[in-house]
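Position chain B relative to chain A; hints supplied.
Listed here are the chains, written in short residue letters.
Number of protein chains: 2
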Amino acid sequence: MDDGEPRWLNAEEREAWLTWIAATSLLDAALDRQMQRDAGMPMAYYQILVMLSENADRTLRMGVLAERTQSSHSRMSHAVARLEERGWVRRHTCDHDRRQTFATLTDEGFAVLAAAAPGHVATVRKYLFDRLTPEQVEQLTAITDRIRTGLTSEFTDPTEPARQLGLS
Amino acid sequence: MDDGEPRWLNAEEREAWLTWIAATSLLDAALDRQMQRDAGMPMAYYQILVMLSENADRTLRMGVLAERTQSSHSRMSHAVARLEERGWVRRHTCDHDRRQTFATLTDEGFAVLAAAAPGHVATVRKYLFDRLTPEQVEQLTAITDRIRTGLTSEFTDPTEPARQLGLS
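So the protein lines, in turn, are chains A and B.
Numbering that gives the first Met the number 0 applies: residue 0 is where the first sequence begins, and numbers increase by one.
Numbering that gives the first Met the number 0 applies: residue 0 is where the second sequence begins, and numbers increase by one.
Some hints here could point you the wrong way.
Put simply, identical chains are the same to the list, so a pair is met inside one copy or across any two.
[Unchecked claim] List of simulated lysine to any residue pairs, SDA-like, C-alpha gap at most 25 Å:
1) K125 x M50
2) K125 x R57
3) K125 x R6
4) K125 x H91
5) K125 x Q46
6) K125 x E137
7) K125 x A115
8) K125 x E4
9) K125 x A114
10) K125 x T68
11) K125 x T23
12) K125 x P41
13) K125 x D144
14) K125 x L30
15) K125 x L17
16) K125 x W16
17) K125 x T140
18) K125 x G39
19) K125 x C93
20) K125 x L8
21) K125 x E83
In short, the hints are calculated from the structure, not lab data.
The shape of chain A in the complex, shown without the other chains (with noise of 0.2 Å):
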């Protein structure tokens, strides 16, 4: 990055990048905005129910819920307490291991969520997949990949398979 002049954005990178920007922000406003009027509540706290949920107990640790938003441990602390109060979701220790906290989701929880899933999923396809083509579809589940797996892979050490697997 600093050998010499920076690459600059030329102009087809930057009319896609400021479009990205655009897009991305006023989606994200949209859904939060459609799901705090009516489900009453913000998209960070939907997003922690449905990963919930999709777990076998509807339960996971605090720290692989914050992991998986993106969250600092202190948000994450914050927004599962605001849940708790709702009686949404309970927090609680496990009996072998006590300086972890997990959170389940609570039949209540569950209900909220199965109330408020139909309005997003509505939302979501009405801005996004009925304003593109089944081809556009495939070319953005293609793109994002190659995004996502650009930054995870930063994060993984390459050499992790061969030593699990006694290689190096």
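Chain B alone, transformed into the frame defined by chain A:
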């Protein structure tokens, strides 16, 4: 939205949506980490400096800043107050309309922005453009433009141009 069974996402749409969420949130987090580490500010501050720098007199109304970043007015006031403490932005009112508050980028703020830009652009390049073919960049622009247009037209009255022209 309420006339019958919700149209859930099919397998391709679900994959596209999960990949989109992962890519956008990981990219946001990576850009924010780089900016915090190398320039000591969050991306939200950088975006404010960029927006101010792009105007002829490096000045914008506070309300316009909030709107363009999809922020609440209170959140934008808070951010600009922090930037003012650092000497990077100056807030002031205008003689002919004292109800409006403006924010102006200072010379020091401009210098900070100029120093931060190369590292930011290199990070955008590394995680986005270096991962995609030129064809994919074109596809991405077309796709995000479709999404953006759907979201911006939502908040515009379609009869407005006709009304302004006296046609309705």
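Evaluation of the provided hints:
no. : hint        : result
1   : K125 x M50  : within (23 Å within a copy, 29 Å between copies)
2   : K125 x R57  : neither (29 Å within a copy, 37 Å between copies)
3   : K125 x R6   : between (37 Å within a copy, 11 Å between copies)
4   : K125 x H91  : neither (38 Å within a copy, 41 Å between copies)
5   : K125 x Q46  : within (19 Å within a copy, 28 Å between copies)
6   : K125 x E137 : both (17 Å within a copy, 23 Å between copies)
7   : K125 x A115 : within (16 Å within a copy, 37 Å between copies)
8   : K125 x E4   : between (43 Å within a copy, 15 Å between copies)
9   : K125 x A114 : within (18 Å within a copy, 41 Å between copies)
10  : K125 x T68  : both (24 Å within a copy, 22 Å between copies)
11  : K125 x T23  : both (15 Å within a copy, 19 Å between copies)
12  : K125 x P41  : within (19 Å within a copy, 31 Å between copies)
13  : K125 x D144 : both (22 Å within a copy, 15 Å between copies)
14  : K125 x L30  : within (11 Å within a copy, 28 Å between copies)
15  : K125 x L17  : both (22 Å within a copy, 16 Å between copies)
16  : K125 x W16  : both (23 Å within a copy, 13 Å between copies)
17  : K125 x T140 : both (18 Å within a copy, 19 Å between copies)
18  : K125 x G39  : within (20 Å within a copy, 38 Å between copies)
19  : K125 x C93  : neither (42 Å within a copy, 42 Å between copies)
20  : K125 x L8   : between (32 Å within a copy, 12 Å between copies)
21  : K125 x E83  : neither (32 Å within a copy, 40 Å between copies)
Consistency note: the structure conflicts with the earlier hints numbered 2, 4, 19 and 21.
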